[in-house]
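Peer 1: Build the full structure now, drawing on both the sequences and the hints.
Just so you know, the protein sequences line up as chains A and B, in that order. With the numbering used here as the guide, the letters of the first sequence map in order to residues 1 to 796. With the numbering used here as the guide, the letters of the second sequence map in order to residues 1 to 160.
Since the hints were made in silico from the structure, they are not lab data. Note that CB positions come from ideal geometry on N, CA and C, so glycine has one too. Honestly, I wouldn't trust all of these hints.
Which residues of chain B face chain A? A partial, calculated answer using Cβ under 10 angstroms [to be verified]:
no. : residue
1   : Gly4
2   : Val5
3   : Arg6
4   : Asp33
5   : Thr39
6   : Cys48
7   : Val78
8   : Pro88
9   : Glu97
10  : Ser133
11  : Tyr142
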Amino acid sequence: MARRERTSVPPPGGAGPSPGHHPRPDAWGKVLGRTRYVGDLSLPGMLHAALVVSPVASARLRSLQLAAARSVPDVVAVLTAADIPGANSVGVIFPDQPLLAVDRVRMVGERLALVAARSPEAAAAAVRAVQVQLEPLPAVHDPVAALAPGAPLVHEGGNLIRTFHVVRGDVARQESRATVVFEGEYRIGGQEHAYLEPQGCLVVPEGRQRCTVYASCQCPFYVQQAVARVLGLPLAAVRVIQTPTGGGFGGKEDYPSEPAACAALLAWHTGSPVRLLYPRELDMQLSSKRHAMVVRHRWGADGKGRLRFAEVETFMDAGAYIGLSTVVAERANVSAIGPYHVPAVRVRTHVVYTNNLFGGAFRGFGAPQVTFAGEATMDALARRLGLDPVEFRRRNVLDDRRRTTCTGTKLPRPVLARQCLERAVEAAARTTPTPPGRGHAVGTGVGLVLYGCNLHHGGQRLDRSSAVVLLQGDGSVVVRVGLTEMGQGLLAAVQAVAAQALGVPPQAVEVCLPDTSTVADSGPTVASRGALVAGRAVLDAVRRLRRRFDPVAAQLLGCGPRQVELAGGYARVRGEPARAVPIAEVAAEMAARRIEPIATGWYRSRPRRFDAATGQGGAYDFYATACHVAQVVVDAELGLVRVVRVVAVHDVGRVLHRPALEGQIHGGIVQGMGWAVTERLAVAQGRLENPSFTDYLIPTASDAPLVEIEAIEAAGGHGPWGSKGIGEPSLIPTAAAVRNAVCDALGIELFELPLSPPALVAAQGRRHPFAWLLDRSAERDGPAQAPAAPSPVEAG
Amino acid sequence: MAEGVRVRLRLNGEDREFWVPPGRRLLDLVREDAGLTGTKEGCGAGECGACTVLLNGRPVTSCLVLAASCDGAEVVTVEGLAAATGEPHPVQRAFVEAGGVQCGFCTPGVAVSGAAIVARGVRDAAERARLLSGNLCRCTGYLAVLEALERAGEASDGEA
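Peer 2: Below you can see the structure in the form of structure tokens.
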């Protein structure tokens, strides 16, 4: 595997540690098969839960006949909305979604009833025995059509949930200076998270007063709030413990609140522990998806190849309930222009109800879709200007000189978008793939991203973080944080931060998965913020602990408390490393003197101002930039794409844990590549037609491209030692780079995602040799599915 | 007890006897009857590979194998990859060292398939990737996993 990693810019001020390289603390348990996921937990008397869900997308719920289901042997409870003691509501932002349907069904998979039984088989039999009377109602399945007059209403009050705006500069004036205008419409499909561990939770009740929830989740505090709301319990009576979580990617952000509330309701009624594990097919049908979007562009540039204006109108398919859609829209809205200097900008981002799959959080959070469109338009304009796509980007990319974003934020220097572009292009040019044979074409494509780190202004109130640091009498350390490990490496990063701050080896630090009874609400583990905010809270806790630790160490060392420094497992006199005492000895001394060895820590970002009407102001606290260059080989006749190599240059602030950083970039690239090339959600009448890994194709080991990473370390991050966050920027520019590479290879332009083989062949003016197969399946599925092929219009 | 089909097999080096219903999957025997929860269920349809075990030395998706068909067989799960001394399998060590573990849910199946690939002495990287393509992973992009397999293969070549 040809990989090259180097650090290019010297770290700011030379302060801070070298990045961690130690093995992740959770690696051995996982590789030996000893880690217990929620499906591996069971308790005596535990019941198995199952869901009765709607098979249709829009209907009136006429009746539910439960007697037959209740009489199935070993069935303990069959519950409906009438059995909810608290609020029948699970919406994370807006209370438009019931836990259990009352009279109306708005999506396939809408929950109608819940079952608990002594075996999974009995639960399944009870689900089959429930008789449901549904009266079909008109449904709407396209976010643009949903806004037309007379469209079926998903909720009373209209299908338009909200429109977000960016208004900057004078478009008419700038348009008069443009010599080339590109207009196009992009149709961008959704994406299934396909975490390997399906949704699951185990709820252990203590009467009806309190319960403990063990959940595979990203956001235990969301789960806590949902369960408390549904059961009518105080937050303190609902304790949520995150179980080792087998992947999230956003799919375990808001969604786990729903199964947890279901299992908690069954546990509350039965008094028994209840476990709910989703089978894969149900998981794929019910859980949230990356939003499908229609993005319309009108962008113009002048004769010097400078962007003059950009108009973007996006229609986001929220599905039947808001969930996190408005929050996703906030990021999509301000990410629509990318890292480019554009004097006049109009962005409108519409969030629209449909009766489709439920749109939610997915790594990138609305940015990958608009980045795909933006980078495609950059290539389209370059082509019309007769410029090389890289040269066109050079003329427009933000840098230290022009550094104002579309939200009017003047980025602090250094602005590294240009460096990311140049270095990625330079590295990519060192080797180019050779076509493996006749009929194959090779191409190179670029994707750039300006990533707003941490939560958008709209989510600012959630941006805080809690930590507890406990120094044991032997010098080992327990760290508790409110952010979750779902595979991304949070435990390793927090361990590295705590170890560095305390001057102990990483192995001396145990970082625990969150338990809502031990730390304060720390917001969600999303927006690439985990290591950033957890790490900052840990540093704060260490600072407070040292107020008690340093005086003890100073006495042992015979120096002043301010002269104490911690490194290499020792407390030392600053400037005199020979005068040292083991940290374990200081800890033992603290224990002997009964000095409190535990400290809490807190982090919150600075308040920002943002005007939602114009989209101007502090959308994010700080920013990262990245460039991905993809090289592809395309079978022109069959329209098959192979991504052979991706160069990824990221402005990361500081590296906290090198293997975790690389793992995030590798995984983000391959997940983004899957979305671009093979991952198609086949949705018909709101139902997912391909809810399996045979029909929904995520990349395999054979599809993995070579990946080269360059992490640029420089000032600007607000995480520990200036780190920024890598989870999302690792994915965002990938699909754009792949699309642009495919278009480069074939000399075509594509406006849909995923890049389907028939579309690739059709764009070359031919018919796909296997098109007859697709025609036949289209005949079988009926009309009205394929959207009209958009045609780009040139003007000016 | 003593209902259903008797299955005698050698599980992670121990002779074991189970009575199972005729429809029981090898996955359920391993996880529930033997209590070896390292083997995971990711799809129940033979698509993801998280439930991979070695059946008579060959990797199989245990969700598609009937337990009753395993009478007389030798089964190795992720818990049985380590040497009798407790020393982890070279593939397991390589996964930890190369950063091949993230969320860990696919990891047991990947480790079992990886052990089989290393045992076959596959030297071609593309062939190793092809042999691993029945094990889906959504976190790592496979890169560190494939690197780990290469390292483990080199290590076992060195020993031979």
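Peer 1: So, for every hint listed, does it hold in this structure?
Peer 2: Evaluated hints:
A least Cβ separation of about 15 angstroms between Gly4(B) and chain A goes past the 10 angstroms threshold, and the interface hint is therefore violated. Given hint, Val5(B) at the interface with chain A, is violated; its Cβ is 18 angstroms from that chain's nearest Cβ, farther than 10 angstroms. Interface restraint check for Arg6(B): the shortest CB-CB distance to chain A comes to about 22 angstroms, outside 10 angstroms, so the restraint is violated. The interface hint given for Asp33(B) is broken, as the beta carbon of that residue sits about 13 angstroms from the closest beta carbon of chain A, more than 10 angstroms.
Checking Thr39(B) against chain A: minimum C-beta separation of about 7 angstroms stays under 10 angstroms; hint holds. Because the smallest distance between the Cβ of Cys48(B) and any Cβ of chain A comes to about 6 angstroms, under 10 angstroms, the interface hint for this residue holds. With a cut of 10 angstroms, the hint placing Val78(B) at the interface with chain A holds, because the nearest CB-to-CB distance is about 4 angstroms. Using the Cβ-Cβ criterion of 10 angstroms, the hint placing Pro88(B) at the interface with chain A is satisfied: the shortest such distance is roughly 7 angstroms.
Against a cut-off of 10 angstroms between C-beta atoms, the interface hint on Glu97(B) holds, since the closest Cβ of chain A lies about 7 angstroms away. Proximity of Ser133(B) to chain A holds as hinted, the smallest CB-CB distance being about 4 angstroms (cut-off 10 angstroms). Taking 10 angstroms as the C-beta cut-off, the interface hint given for Tyr142(B) holds, the closest approach to chain A being about 4 angstroms.
Hint violations for this structure: numbers 1, 2, 3, 4, all remaining hints satisfied.
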